[in-house]
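Novice: In case you want the letters, here they are:
There are 2 protein chains.
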Amino acid sequence: MELIVQKFGGTSLSDEQGRYHVLRHIIREYEAGLNIVVVVSAMGRSGEPYATDSLLELVRHNGNSLPSRERDLLLSCGELISATVLCSLLHAKGFSSVVLTGGQAGIMTDDRFGSARIIDIKQHKMRRQLEEGKIVIVTGFQGMTTDGEMTTLGRGGSDTTATAVGAALNADIVDIYTDVDGILTADPRWVSDAKPLAAVSYEEICNMAQNGAKVIHPRAVEIAMKAGIPIRVRSTFSEGEGTLVTHTQALRNKGIWFDRTVTGLAHVRGVTQLGVINHDGLADLQLRVFRAMARHEISVDFINVMPTGVHYTVSEDDTPMALQLLQGLGFEPHIRKGCAKVSVIGGGMNGEPGVMAVIVEALTNSSIPILQSADSNTTIWVLISENDLAEALQALHTAFGLHLT
Amino acid sequence: MELIVQKFGGTSLSDEQGRYHVLRHIIREYEAGLNIVVVVSAMGRSGEPYATDSLLELVRHNGNSLPSRERDLLLSCGELISATVLCSLLHAKGFSSVVLTGGQAGIMTDDRFGSARIIDIKQHKMRRQLEEGKIVIVTGFQGMTTDGEMTTLGRGGSDTTATAVGAALNADIVDIYTDVDGILTADPRWVSDAKPLAAVSYEEICNMAQNGAKVIHPRAVEIAMKAGIPIRVRSTFSEGEGTLVTHTQALRNKGIWFDRTVTGLAHVRGVTQLGVINHDGLADLQLRVFRAMARHEISVDFINVMPTGVHYTVSEDDTPMALQLLQGLGFEPHIRKGCAKVSVIGGGMNGEPGVMAVIVEALTNSSIPILQSADSNTTIWVLISENDLAEALQALHTAFGLHLT
Chain S
40 MELIVQKFGG TSLSDEQGRY HVLRHIIREY EAGLNIVVVV SAMGRSGEPY
90 ATDSLLELVR HNGNSLPSRE RDLLLSCGEL ISATVLCSLL HAKGFSSVVL
140 TGGQAGIMTD DRFGSARIID IKQHKMRRQL EEGKIVIVTG FQGMTTDGEM
190 TTLGRGGSDT TATAVGAALN ADIVDIYTDV DGILTADPRW VSDAKPLAAV
240 SYEEICNMAQ NGAKVIHPRA VEIAMKAGIP IRVRSTFSEG EGTLVTHTQA
290 LRNKGIWFDR TVTGLAHVRG VTQLGVINHD GLADLQLRVF RAMARHEISV
340 DFINVMPTGV HYTVSEDDTP MALQLLQGLG FEPHIRKGCA KVSVIGGGMN
390 GEPGVMAVIV EALTNSSIPI LQSADSNTTI WVLISENDLA EALQALHTAF
440 GLHLT
Chain A
40 MELIVQKFGG TSLSDEQGRY HVLRHIIREY EAGLNIVVVV SAMGRSGEPY
90 ATDSLLELVR HNGNSLPSRE RDLLLSCGEL ISATVLCSLL HAKGFSSVVL
140 TGGQAGIMTD DRFGSARIID IKQHKMRRQL EEGKIVIVTG FQGMTTDGEM
190 TTLGRGGSDT TATAVGAALN ADIVDIYTDV DGILTADPRW VSDAKPLAAV
240 SYEEICNMAQ NGAKVIHPRA VEIAMKAGIP IRVRSTFSEG EGTLVTHTQA
290 LRNKGIWFDR TVTGLAHVRG VTQLGVINHD GLADLQLRVF RAMARHEISV
340 DFINVMPTGV HYTVSEDDTP MALQLLQGLG FEPHIRKGCA KVSVIGGGMN
390 GEPGVMAVIV EALTNSSIPI LQSADSNTTI WVLISENDLA EALQALHTAF
440 GLHLT
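Chains as they are written, first to last, in the numbering used here: chain S, 40 to 444; chain A, 40 to 444.
Don't read these hints as lab results, they were simulated from the structure.
Possibly wrong hints are sitting among the right ones.
Just so you know, same-sequence chains aren't split out, so a pair can sit in one copy or run between any two.
What the hints assert, rightly or not - Cut-off 20 Å, straight-line C-alpha distance, at most; resulting in silico cross-link-like pairs (EDC-like, lysine to aspartate or glutamate):
hint, residue 1, residue 2
1, K132, E96
2, K376, D356
3, K234, E278
4, K161, E188
5, K164, E188
6, K164, E96
7, K164, D54
8, K173, D186
9, K376, E355
10, K173, E188
11, K265, D298
12, K164, D186
13, K132, E280
14, K161, D186
15, K161, E371
16, K376, D218
17, K376, E171
This one's a predicted model, so the numbers in the text were calculated from it and none came from an experiment.
Make the full structure from the sequences, and use the hints.
Specialist: Rendered as structure tokens:
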């Protein structure tokens, strides 16, 4: 019998309309004869009493002095409350369901409280409940150590629970329900004609997430990719099929892989460009710079090392510390705040000539200076001024025909 | 080293003033060098978001259709939230503490969800944390089955957790903090000069609780009594020592047992008196009546069986069903609604003559008819009209000199 994992986010469960749709999706699959595991996040938006943020607010005025072990205990209540509410909704409609905490579902983790890693999933309890015909509701975002300590998986953790459970049970598919119609070609707040994608590869969605697109957490994708479990990112509030995420080859086999060069755009704001000129011909200038950054755990990007000096970027938050470190080394860095990193992503661009040419032409035609660039075999990144971001995204989106997706 | 269990109710933890006092009591004992286990209830009064009632409200509009297993999972969040809030308050003041759920604290129960019984307490985890110098915070009201299912102990359950933990760890004392100055000679809302008692025996406090006094839960007392662990019922908001509860002999040894005849008064309202006259000389009238009541789980009290018939009382809630059953048997019962049961309680009244005489004299002087009476070796009960309750309680309180306690 087919088995499906459905993951619902907190906003879907926080009001009556959302719950109506959540029930609709669960009952549709149940009545189609599928075994169902539902993974839920904490209920509600920021500010509502049972949302993760609100639980943390309870201890925030005590100077956040809660140890991480107890913080995880507190946070586990968020998912437990939404899971039991969903269970009661299903029972009220006559569908038998059972709630399993992370630990009860057999999700065993290490003991890094707040950002635990799943080390094993003991699936017998979920299996037994499924065999009894029950809809199994698993609290997302959490697990248990072998000592019986409750842990949480960190931000994006419910997606990870969903794909890890899907992998352990060898699910046919993992449906990640969200408030948009799948994965879009660009952020619709910036590109008005952004379009939902029918399918993307695991690698593409990872690239999008790592480059600032608010899609599914890369860790969750990685687990599904290893197990070869397809993911569908779809909307709670519509009938759309959403975006299928799987191996490129599987997409080709299904005939839904288009030979596109560029799949979508992503972007990150709040980037600072730093430059250090090697006035004194120091042999170890680059070493000194990056060793200092690494020691203070400052992430660097767009690294451009030349005999004449070095350019790289850091986040807005890390800028003061990075500056202080460079000045401490005796350098007088160039600094350009307010930059944005635009990522042009496509699993099909590997080996395709001319992608960079299209980017340069589109931005040049819009008089947008490229401050720096970098590329891998599936992504090209350009650094531009944040002031140019809207125009750049729109120009690139049009240039690659993404509005025709 | 001495070990103390401190139990704090939900109202004590729900506002800043209460928390200030809770911390004061914990820190005082900690700085006196004691090992401390703190047991907490769910936070807040009815209507506040993390109170037990509010959690249940989340599923109430779904027709209360939550299975009891999942209901216990939901309710467990109440204590978990208050425990972690207390933990953060202690850490903010520099005191190291750890939160243990019922299961983590080793409180093993049967699987009667909603009213589970403790079957064992595995104390090693609590011991280890105490040995590390930590204040151990245990979530009250809950336990775990050997299968890893979370259970709750039912109403009054946090008191039971406190005395059971006290018994398992062989605590020197269990302090039950509440919002009154210990156990009073009568309900102060009815008797203006009710006084706190310095000490009562386990049997007396059980009698009081069973007869309507809102003190500590009888199940909790029973556990302490078996283990011989003294309890102190005291106020969160004052410096008073409260009421010591232990064996009569222990109180005598400490020189704090007064040779009092009557210790206090308790009462229950909403009682209905029923009478069936044996007009037809039936041999099995009583059997028929009480068998019918038992089959429908109606509790009966003040049973008075005579050749001429039978009198007894039932609660207001059970009255319609009791009437229907009696009429179904072909009887025409006498009925008197709006009665109250007054209990005159005293471990020292056993064998003391004249207690009943004092009661009759006090009530007669106030022109209060006694509708029925009953007695055991530590309690005398009288049934009166609810309209006479205030006057009766005050008259009895004065007659036994309880205002001089």
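Novice: Against this structure, judge whether each hint is valid.
Specialist: Outcome of the hint check:
1. K132 with E96: Close across copies (18 Å), not inside one copy (34 Å); limit 20 Å.
2. K376 with D356: within (11 Å within a copy, 73 Å between copies)
3. K234 with E278: Close inside one copy (16 Å), not across copies (68 Å); limit 20 Å.
4. K161 with E188: Result: close both inside a copy and across copies, 16 Å intra and 16 Å inter.
5. K164 with E188: both (18 Å within a copy, 12 Å between copies)
6. K164 with E96: Intra 34 Å, inter 29 Å, cutoff 20 Å: neither.
7. K164 with D54: neither (30 Å within a copy, 41 Å between copies)
8. K173 with D186: Between copies only: 19 Å across chains, 28 Å inside a chain, cut-off 20 Å.
9. K376 with E355: within (7 Å within a copy, 76 Å between copies)
10. K173 with E188: between (27 Å within a copy, 17 Å between copies)
11. K265 with D298: Cα proximity of K265 and D298: none, with 24 Å in one copy and 78 Å across.
12. K164 with D186: both (18 Å within a copy, 10 Å between copies)
13. K132 with E280: neither (25 Å within a copy, 53 Å between copies)
14. K161 with D186: For K161 and D186, the Cα distance is within 20 Å both inside one copy (15 Å) and across copies (14 Å).
15. K161 with E371: neither (56 Å within a copy, 64 Å between copies)
16. K376 with D218: Result: close neither inside a copy nor across copies, 33 Å intra and 58 Å inter.
17. K376 with E171: neither (59 Å within a copy, 50 Å between copies)
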